[in-house]
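From first to last, the protein sequence lines are chains A and B. Counting in the numbering used here, the first sequence runs from 1 upward without gaps. Counting in the numbering used here, the second sequence runs from 1 upward without gaps.
Treat the hints as calculated values from the structure; they're not laboratory data. A portion of the hints provided could be inaccurate.
Claimed, not checked - In silico lysine-lysine, DSSO-like type, Cα no more than 27 Å apart, as pairs:
1) A:K95 - B:K63
2) A:K237 - A:K275
3) A:K287 - A:K180
4) A:K148 - A:K275
5) B:K40 - B:K116
6) A:K275 - A:K180
7) A:K95 - A:K193
8) B:K40 - A:K161
9) A:K161 - B:K162
10) A:K193 - A:K287
11) B:K40 - A:K193
12) B:K49 - A:K253
13) A:K253 - A:K287
14) A:K245 - B:K49
15) B:K49 - A:K193
16) A:K95 - A:K108
17) A:K287 - A:K275
18) A:K148 - A:K95
19) A:K237 - A:K287
20) B:K63 - A:K161
21) B:K49 - A:K237
22) B:K25 - A:K95
23) A:K180 - A:K148
24) A:K245 - A:K148
25) A:K237 - A:K148
26) B:K162 - B:K116
27) A:K237 - B:K57
28) B:K25 - B:K111
29) A:K137 - A:K180
30) A:K237 - A:K180
31) A:K180 - A:K193
32) A:K245 - A:K193
33) A:K108 - B:K116
34) B:K57 - B:K25
35) A:K161 - B:K25
36) B:K40 - B:K25
37) A:K138 - A:K180
38) A:K161 - B:K49
39) A:K245 - B:K116
All figures in this text were calculated on a predicted structure; none of them were measured in a lab.
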Amino acid sequence: MSSQRYALFPGCLMPTEQYAYELSLRASLPLLGIDLVDLPGLSCCGEPMKSVNQTLTLYLSARNLALAEQQGLPFYVPCPQCHLSLHETNLILQKNPAMLERINEMLKAEGLHYTGTTRLVHTIDLLYDTIGLDIIKKHVTNPLTGMKLVVHYGCHAIRPKELGRPDDSENPQKVEAILKTLGAEPITHYPQKLDCCGAPLLPNKPETALAKTGQKLQAIQELGASGVVDVCPWCHKMLDSRQTKAGETVAAKLDLPIVYLTQLLGVALGVDKEKLGFTLNLSPVHKLGLRSQP
Amino acid sequence: MTITDLTSMGEPQADARAEINDRLKRLQDHASDYCYQCAKCTSGCEAHKLLELEPHKIVALLKRGLITELVNSDVIWTCMTCMKCRERCPQQVAPIEILFAAKNLAVQSGKELPGKYTAMLQSILGTGLLQEVQTVTTAANATMTRDQLGLPPLSVPSDVAKFQASIMAIAMQKP
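The following block holds chain B by itself, in its conformation from the complex (with noise of 0.2 Å):
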């Protein structure tokens, strides 16, 4: 007999709640069973009060095993990593360490990245950073280039054929 969330009749998964419990012990040393509820992390939480993320039901997702529920929500790409809710809680669970894996579990399964994830990766990719040297305006609307400012040229992956081929073998096996 296990429990069926009443509005999507959602029934719990084990082995994806295993597998995020297994990532988070790599991590740190507390599971979410030790969470009682107390919603110190959505008191606390950057993004609640912006976008209604609440963490506390994101660990009771987790607690049930409804990971498809946790998964395809958009919510999780809400989180601020500010980290307040993993400093307070009273049990040492950490919902955005949650968050991290459902986002990490939701690119696996396929789901399209957000906004610039897929141009950020793209650039570190090609270049070895999120973003390509950028020429920027001063105050008084000058523009300056990094070498204009005599700053040293850019450190970046001597082989990028070889630093591509790893980041594509990492893309291709499971976290």
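If we strip away everything but chain A, and leave its shape as in the complex, we get (with noise of 0.2 Å):
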């Protein structure tokens, strides 16, 4: 197997405390002949700007954009709002030449020059597209059988189809089939599967956006899925980090366990537990044997 590689883009909330993310996409990718790279210079894709200044948006897209194919490799950007942001701008600029020369202009303080060819992938397409299911069932060395998982994809990973995304905007499958490869038993449909968790409220309106994560979550456990797998470190640090704080909002307990993809699929390609974050999820994990009772 030749090794791909990718420049990781790492966004904002992974790297300064969604560290299970980092920690298990580091562990277990390069199992998978993907190869990381750190790049220097990098900032904030400008999504949370969007409501304050779209400019602002495309400026700081187009500045970590260019940096990647200044050294000609494709990015690798496991948070979906990232993903889109960078997407869109790419979009945006190939569309419209007087808008990309005006970005350049602003670029050239930084000795930056963009033309628009960075390549982007998700941590669901990279699996599910890019390594393909066939290579990872091969590198199961420790199925996750018996665990009866639903998936939350968040928004950004699957809307606005028309602009292309990761997974099916109605009917998202991939990440259940990269999850039964692994060896575990997804519930594929569910009614709340294409709700938000809640997070963009974050800024302005933290009560309300816990209350949606609550709602969400609270559904989850009525259905008795023993886990909920995700692939954002927004949608986590919601649905994981605050879950007691949402189940406080709709009055009920959640004990739910949350769980990044990439750490399960490093229990599942057989990296050592310890190496994946197991101890950074807040939720009850130790109910799927991921780590001791803390």
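Starting from the two chains in their separate frames, assemble the complex, guided by the hints.
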């Protein structure tokens, strides 16, 4: 198996607090032939500033895309918000030469220039489309037997379809297919599957954001799932780190293990659990046998 | 003869309407004119369930050119950006993009940023990222830093002064 090189675009939330995602993707993806390169000089993708100034979002995305283009490397973008922002910027700059010129004028100050060629992948399409289920299957040494998992895709990984997203907008099934390959038993449909986690409201309506999280988790708990799998640091912050508080908003005792897809990938590929950051999950992941009870 | 909003006596503003429609064209092909008020956007809206955001009414305000009403309303800041409205619109109108444009106009007109947006912007200016690197608590109540977990140093803009100057320049010009 030949290795493929990707520049890692960490974004903001993963490298400043969602360490379990970063630890687990760094520990597991090299086993599937993915060689991750750390680029210097990166910044926020600009997506959280879209409400404030969209030109700022375009500029911030473009400067990061330019840094990858300089190295001739595609970007692996584990955060779906960053992925959408970089992807949309690519589309706008390809379609609008005047805007590309304007952005390049701004990039000059930092000695950067972008032509529009940086290719992007997210965790979902990297595993499902680039690496492929056959290769993953060959590397599974420790199948995830008996885990009845539901997938929370979040919003940015699947919408809007017209821009092209890692999975389908109304019936995403790639993560379920990956989980099946890892030996788990995913629950493929549930009524709240496409719902938001609430995280985008954190800056200005934190209470409502938590209520959104609480409502979704309560519904999942009633399904009888043994855990939830996610692929977004923002969703994970809400579902895992804030689970107890989210439960209070709906007057429910929530007790659901929440894990990153890359953490389970690591387990199935035989990576030492210590290296996958399970001590950092604040939800009860010991119920899935992923760590001892704290 | 133009339509006057009877509740606010607001007059339509053709220039502001054209400005928003210009921005939308930059991002997508379809303008608000195609909306026929079916309210499919509102039926799926995540913020509608909790905060009474009604995307179809946002589109209606833009169609009529009642931009001041739109920009001055606090409801534009309740969007969760779930994008279901844009995804499901049978006319390929994107209420979420109208909301982004309205919020940008509100900021441009000098309205105070709600919640933590100012802090987030200051953090990007200072460090390149939304927040500083955090010390986290484990399930067993121990504290851990990025370094202790064996993760490599953060990637941040190499010349912060030049990076800041570019952002300040963008903040000064019209979006």
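Outcome of the hint check:
1. A:K95 - B:K63: The hint holds at about 26 Å.
2. A:K237 - A:K275: With Cα atoms ~20 Å apart, K237 of chain A and K275 of chain A stay inside 27 Å; holds.
3. A:K287 - A:K180: Given that 27 Å is the threshold and the Cα spacing comes to 20 Å, the pair holds.
4. A:K148 - A:K275: Given that 27 Å is the threshold and the Cα spacing comes to 24 Å, the pair holds.
5. B:K40 - B:K116: It is violated: about 31 Å lies between the C-alpha atoms, which goes past 27 Å.
6. A:K275 - A:K180: holds (23 Å)
7. A:K95 - A:K193: violated (33 Å)
8. B:K40 - A:K161: Judged against 27 Å, a Cα distance of about 17 Å means the pair holds.
9. A:K161 - B:K162: violated (36 Å)
10. A:K193 - A:K287: holds (22 Å)
11. B:K40 - A:K193: Since the Cα atoms of K40 of chain B and K193 of chain A sit roughly 19 Å apart, the hinted pair holds (cutoff 27 Å).
12. B:K49 - A:K253: holds (22 Å)
13. A:K253 - A:K287: holds (15 Å)
14. A:K245 - B:K49: holds (20 Å)
15. B:K49 - A:K193: Answer holds: K49 of chain B to K193 of chain A is near 16 Å, not above 27 Å.
16. A:K95 - A:K108: Distance ~21 Å between K95 of chain A and K108 of chain A Cα, so the pair holds.
17. A:K287 - A:K275: It holds: about 19 Å lies between the C-alpha atoms, which stays within 27 Å.
18. A:K148 - A:K95: Distance ~44 Å between K148 of chain A and K95 of chain A Cα, so the pair is violated.
19. A:K237 - A:K287: holds (19 Å)
20. B:K63 - A:K161: Distance of about 25 Å is within 27 Å: holds.
21. B:K49 - A:K237: holds (22 Å)
22. B:K25 - A:K95: holds (11 Å)
23. A:K180 - A:K148: Holds: K180 of chain A and K148 of chain A sit about 10 Å apart, inside 27 Å.
24. A:K245 - A:K148: holds (25 Å)
25. A:K237 - A:K148: Holds - the C-alpha atoms of K148 of chain A and K237 of chain A are around 22 Å apart, at most 27 Å.
26. B:K162 - B:K116: holds (25 Å)
27. A:K237 - B:K57: violated (32 Å)
28. B:K25 - B:K111: Cα-Cα ~25 Å, so holds.
29. A:K137 - A:K180: With Cα atoms ~10 Å apart, K137 of chain A and K180 of chain A stay inside 27 Å; holds.
30. A:K237 - A:K180: OK: K237 of chain A and K180 of chain A at ~25 Å, within 27 Å.
31. A:K180 - A:K193: holds (18 Å)
32. A:K245 - A:K193: holds (21 Å)
33. A:K108 - B:K116: violated (30 Å)
34. B:K57 - B:K25: holds (20 Å)
35. A:K161 - B:K25: holds (18 Å)
36. B:K40 - B:K25: holds (22 Å)
37. A:K138 - A:K180: holds (13 Å)
38. A:K161 - B:K49: holds (23 Å)
39. A:K245 - B:K116: Judged against 27 Å, a Cα distance of about 19 Å means the pair holds.
Violated hints, listed in ascending order, are 5, 7, 9, 18, 27 and 33; each of the other numbered hints is respected by the structure.
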